[in-house]
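Since each chain comes alone in its own frame, lean on the hints to assemble the complex.
The listed protein sequences derive, respectively, from chains Z and R.
If you number the first sequence the way numbering that gives the first Met the number 0 does, the last residue is 219 and the count never jumps.
If you number the second sequence the way numbering that gives the first Met the number 0 does, the last residue is 201 and the count never jumps.
Among the clues, some could well be false.
[Unchecked claim] If you anchor each label on the Cβ, the simulated ranges turn out as follows:
1. Thr27(Z) / Arg19(R): 39 to 49 Å
2. Val209(Z) / Arg19(R): 27 to 37 Å
3. Glu119(R) / Gly197(Z): 41 to 51 Å
If you're looking for bench data, these hints aren't it; they were derived computationally from the structure.
Note that CB positions come from ideal geometry on N, CA and C, so glycine has one too.
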Amino acid sequence: MIDRIALVAARELRAERRQPDGVVAAVTFIAVLVLLESLVVGPQIARDADVASALFWLALAFATILATMRSFDRELEDDALEGLVALPGGRDALFGGKVLSLAVVLVLVAAIGGLLSLVLLDLAVALPLHLLVVVLLGVVALPPIVVVDVVLALRLRARAALVPILALPVLVPQLVAATRGTSAALTGDALGALSWAGLLFAFAVVYTVVGLTIVPAAIE
Amino acid sequence: MRTLQSGASLHDATVVLDDRVILRAVSVAVGPGLTLVRGPNGSGKTTLLRALAGLVPLARGDRHVFGDVLYIGHRPMLLRGLTARENLEFFARFRGSDTRSIDGALRAWGVGEVMDRPVERLSAGERRRAALARVETERAPLLLMDEPFADLDDAGVNRLRQSIAHAREDGRAIVVATHAHPELDEIARARIAIDYGAATAA
Chain Z
0 MIDRIALVAA RELRAERRQP DGVVAAVTFI AVLVLLESLV VGPQIARDAD VASALFWLAL
60 AFATILATMR SFDRELEDDA LEGLVALPGG RDALFGGKVL SLAVVLVLVA AIGGLLSLVL
120 LDLAVALPLH LLVVVLLGVV ALPPIVVVDV VLALRLRARA ALVPILALPV LVPQLVAATR
180 GTSAALTGDA LGALSWAGLL FAFAVVYTVV GLTIVPAAIE
Chain R
0 MRTLQSGASL HDATVVLDDR VILRAVSVAV GPGLTLVRGP NGSGKTTLLR ALAGLVPLAR
60 GDRHVFGDVL YIGHRPMLLR GLTARENLEF FARFRGSDTR SIDGALRAWG VGEVMDRPVE
120 RLSAGERRRA ALARVETERA PLLLMDEPFA DLDDAGVNRL RQSIAHARED GRAIVVATHA
180 HPELDEIARA RIAIDYGAAT AA
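For reference, chain R alone in the conformation it holds in the complex (with noise of 0.2 Å):
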């Protein structure tokens, strides 16, 4: 197993988006191995992602991150005109990082038929599987990803485990936000509830 530093936290963190209070004094911390944050609709599970990605500002508190972070949002966050392997093989050239495991990943997540294929003519499944291969070509020590489930048939499903283990394994830090899979409980190592923009460990 190789331990990585890995890792974030947010001390105090308040986010205010359009006049509302959309996280309230949060402070969490993240380590290696997997952290599930539960919560239902419109609880704040989002947000808590993208502030520990830094994508949005903090009203009020800190922010701490230890290494590179990969977001993996709700949506595939793919650029349109461009194919599956040219998107990912922009996002690891800009990390720095090898770009020949890319074909290998996609096939491995069942997207190598379609992989020189422009996004915009995948469905939505596929998209979602060629955004989650980047887990697997991005080595960032602290993942975090947005509902990575939706939009995945039962393979995918699958897929997603495995990939998630070996990501622990390999000592990353994996912050998986879900109101959902429930056999993900038994390999997380610690769960944040959050409701109304309030978070607690769980």
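For reference, chain Z alone in the conformation it holds in the complex (with noise of 0.2 Å):
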């Protein structure tokens, strides 16, 4: 099962290397959220911690359902999806290799986003270690409930407009605990920002699992 899960998410990484768009439009969209805050909140505002973790949370979120939706579209063209789930074991392995590849991508965007926000907003960092720990965290647990409503959403016309809408309201307590974890370890909060990372780590466990459980039956 594992290995079926490594190739999954190396195919979906392969295809996102030779068509990167997934990619570019998170980082674009990152990129131009992150340099639109200090102009719209104004430079001092926007380098307050709570503030500046909120906007970066924010993009990402965002930035996973774009990647999501850009891999499953792909998956639809021809039909790759049927090929894959049609595999004895593909049904079960989908979850995890999507799960698996947009952390990776998402690491990528995150990473770009991150320094981005620290460079333009000019942001001291308190706990270095921490806020990896947070981010890392924050990012594996994006994805496993976006690919859940994205493959709910599938087969309808409208999935661009409903994803955003299902996924949004259920991301809300990670992005709360992110935002919080990511504030703590920016100002210097060693104890707020492991509590909050725990919580994170809860979240994408649950998720995982539900995903696993939901996903090869709702694929059908």
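Printed below as a string of structure tokens:
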């Protein structure tokens, strides 16, 4: 099973490398948002740890939705998804493979977006290691529930509009945890950062279990 | 001749999609050799194959399959962004099959020159040929093919006939849905006629 998940993830990453639409859209989106942030709210407010963290995670949530939808759009062309699902064990490997590949893509997007935020907003980082842990866990916690939502909306024509509507309310607790954790790491609250990181880990585990249970049945 | 345990059956299978009954209480069994599914456009041929492959939920009835299934739909089912070779390697690795035969199979199907080109840059016929090469690279005992002759030129049609003949000799169960190619009737072990979602042995 793990081998098959790795195969699906590798296939996805290889296709993304050749057609990097998802990464490019996500990076462009996050870069524009970071640039606009300081213009809209002013440099002083934009440098506030809570505000900068909130906008970073909001941008990353939208980037996750963009990248996930692009990934499934590619699968729907020429019925490639059906080719995967028709394989023995394909249904079970689909969710894990998609989540794994999206996590890799989002780590890249988060690294670029994070560096842009730090440089453009001139943010000081009190606890870099804690920040890294929070961002990594936050990124890992995002794709599982978005993949579930995209699969549920897969056969709907209006899925481009429906997926954000379905996903964002469910993502709110994760976004709050990621924002508070990031803010705590920026301002030097080690205990706070680790507590929120623990919560993000719990979200990642719960939604991964939910996805592994629901997606094989829902993909029909 | 190597005999594989191969075959599948549907018993009293009803498929409802978008509130429309597509298959009505269909009971069919397919075994080793070629089974043809015939019927006019929109009669339910594709849904019958998808039901055998387990790709559509049955509203009623049962499905039994012996061994792995290779389903080749009326679209190539290859992921864009990957080359033909990479797609076939993925399918073979996923099944735990040997990947060494892939280059030879793609060459035999006449797409050796373009096998390292991303599939979105191939013609419809080349994509179809690459997809059909899976018959030779994945040794699933049950082979389901939906309108496999579409997009093929005469040479491709002949190649596919040979491929089906070899699969028969290997004892694989082959189900081909098509409304044309009457010459296949001569080598078919069984025929299923389908119309308005109801199937009968023909």
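For each hint, the structure was consulted:
1. Thr27(Z) / Arg19(R): 39 to 49 Å: With a Cβ separation near 42 Å, threonine 27(Z) and arginine 19(R) satisfy 39 to 49 Å, so the hint holds.
2. Val209(Z) / Arg19(R): 27 to 37 Å: Between valine 209(Z) and arginine 19(R), where Cβ atoms are some 31 Å apart, the hint holds.
3. Glu119(R) / Gly197(Z): 41 to 51 Å: Between glutamate 119(R) and glycine 197(Z), where Cβ atoms are some 44 Å apart, the hint holds.
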